[in-house]
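Q: The task is simple: from the sequences and hints, build the whole structure.
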Amino acid sequence: EAQVTQNPRYLITVTGKKLTVTCSQNMNHEYMSWYRQDPGLGLRQIYYSMNVEVTDKGDVPEGYKVSRKEKRNFPLILESPSPNQTSLYFCASSSRTGFLYNEQFFGPGTRLTVL
Amino acid sequence: AQSVTQLGSHVSVSEGALVLLRCNYSSSVPPYLFWYVQYPNQGLQLLLKYTTGATLVKGINGFEAEFKKSETSFHLTKPSAHMSDAAEYFCAVSEDAGGTSYGKLTFGQGTILTVHP
Chain A
81 EAQVTQNPRY LITVTGKKLT VTCSQNMNHE YMSWYRQDPG LGLRQIYYSM NVEVTDKGDV
141 PEGYKVSRKE KRNFPLILES PSPNQTSLYF CASSSRTGFL YNEQFFGPGT RLTVL
Chain B
18 AQSVTQLGSH VSVSEGALVL LRCNYSSSVP PYLFWYVQYP NQGLQLLLKY TTGATLVKGI
78 NGFEAEFKKS ETSFHLTKPS AHMSDAAEYF CAVSEDAGGT SYGKLTFGQG TILTVHP
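As they're listed, the protein sequences go chains A and B. Numbered as in the numbering used here, the first sequence ends at 195 without a single skipped number. Numbered as in the numbering used here, the second sequence ends at 134 without a single skipped number.
Read the hints as simulated data drawn from the structure, not as lab findings. Using N, Cα and C, we set each Cβ at its ideal position, and we do this for glycine too. Don't take every hint at face value.
[Claimed, not checked] Rough simulated footprint, nothing fancy, chain A against chain B, three-plus residues with beta-carbon under 8 Å:
{"#": "1", "stretch": "60–70"}
{"#": "2", "stretch": "124–133"}
[Said to hold, decoys possible] The list that follows gives simulated cross-link-like pairs (lysine to aspartate or glutamate, EDC-like), each with its CA atoms no further than 20 Å apart:
{"#": "3", "chain 1": "A", "residue 1": "Lys-97", "chain 2": "A", "residue 2": "Glu-159"}
{"#": "4", "chain 1": "B", "residue 1": "Lys-86", "chain 2": "B", "residue 2": "Glu-105"}
{"#": "5", "chain 1": "B", "residue 1": "Lys-66", "chain 2": "A", "residue 2": "Glu-183"}
{"#": "6", "chain 1": "B", "residue 1": "Lys-75", "chain 2": "A", "residue 2": "Glu-159"}
[Stated by the list, open to error] Incomplete in silico selection of chain A near chain B, CB under 10 Å:
{"#": "7", "residue": "Glu-81"}
{"#": "8", "residue": "Asn-87"}
{"#": "9", "residue": "Thr-93"}
{"#": "10", "residue": "Val-132"}
{"#": "11", "residue": "Asp-139"}
{"#": "12", "residue": "Tyr-144"}
{"#": "13", "residue": "Phe-170"}
{"#": "14", "residue": "Cys-171"}
{"#": "15", "residue": "Tyr-181"}
A: What follows is the structure, encoded as structure tokens:
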């Protein structure tokens, strides 16, 4: 089954404790992206990657890091989480061919709470 | 720069009534437009999209949307609401702005649709 998986689905942590949210896709997609969803703001892009070892900032990259060492994986790293990073996070992927108009496939989301 | 505005953060309809969710966008170039739906505790799922060609686009679950360039709108409609349509709906736009916005979807704020029996 074609899918994007994220782990963990729920996470409660404390300020300053480094964490990683994993994202994996099995569709051989080149393009992957992270979004955060906040009430009244919709989804905003954090980082994206056009291919292995190619990443760039989205609209709200502060406080986040990413890496793309393998095509299927795109982890999101919070080196020192703060309460304003409490949010619902989505990973998405799509084929690079026609990426502007192709469907992006979304993971189930990770609900992060930073105390 | 592109932006998306969804009018109404909450819309409530009766089962069987018309569903109309409004979306207006701004874009410096011809946009690609999408509607995604998010059911409770799930990720986003594509409902429909407009790329080129016919301006009336049909999607899954009986939804459709019409691209109106003169009004910069892409409103989502369904003739008869069903209880299972209750969800949050997001309008989104992507554009080819000289290669600076690779694959980025700019989302509206979302509209929560409630369907009453």
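Q: Hints first: check each against the structure and report whether it holds.
A: Against the structure, the hints:
With 6 residues having a beta carbon nearer than 8 Å to a beta carbon of chain A, the stretch 60–70 of chain B meets the requirement of three or more and the stated coverage holds. Counting residues of the stretch 124–133 of chain B whose C-beta sits closer than 8 Å to any C-beta of chain A gives 4, which meets the bar of three, so the coverage hint holds. Proposed proximity of A:Lys-97 and A:Glu-159 is supported: the alpha carbons are some 7 Å apart, at most 20 Å. At roughly 25 Å between alpha-carbon atoms, B:Lys-86 and B:Glu-105 are farther apart than 20 Å, so this suggested pair is violated.
Taken as a hint, the B:Lys-66 and A:Glu-183 pair is honoured in the structure, with Cα atoms around 8 Å apart against an allowance of 20 Å. Proposed proximity of B:Lys-75 and A:Glu-159 is contradicted: the alpha carbons are some 44 Å apart, above 20 Å. A distance limit of 10 Å between C-beta atoms decides the matter here; for A:Glu-81 the minimum to chain B is near 14 Å, and the interface restraint is violated. A least Cβ separation of about 14 Å between A:Asn-87 and chain B goes past the 10 Å threshold, and the interface hint is therefore violated.
The closest approach between the C-beta of A:Thr-93 and any C-beta of chain B is roughly 20 Å, which is over the 10 Å cut-off, so the hint fails. Using the Cβ-Cβ criterion of 10 Å, the hint placing A:Val-132 at the interface with chain B is not satisfied: the shortest such distance is roughly 15 Å. For A:Asp-139, the shortest C-beta to C-beta distance to chain B is roughly 8 Å, which falls under 10 Å, so the interface hint holds. Because the closest C-beta pair between A:Tyr-144 and chain B is about 15 Å apart, greater than 10 Å, the hint is violated.
Interface hint at A:Phe-170: satisfied, since its Cβ lies 6 Å from the closest Cβ of chain B, which is below the 10 Å cut-off. For A:Cys-171, the shortest C-beta to C-beta distance to chain B is roughly 9 Å, which falls under 10 Å, so the interface hint holds. The criterion of a C-beta within 10 Å of any C-beta in chain B is met by A:Tyr-181, whose closest approach is roughly 4 Å, and the hint holds.
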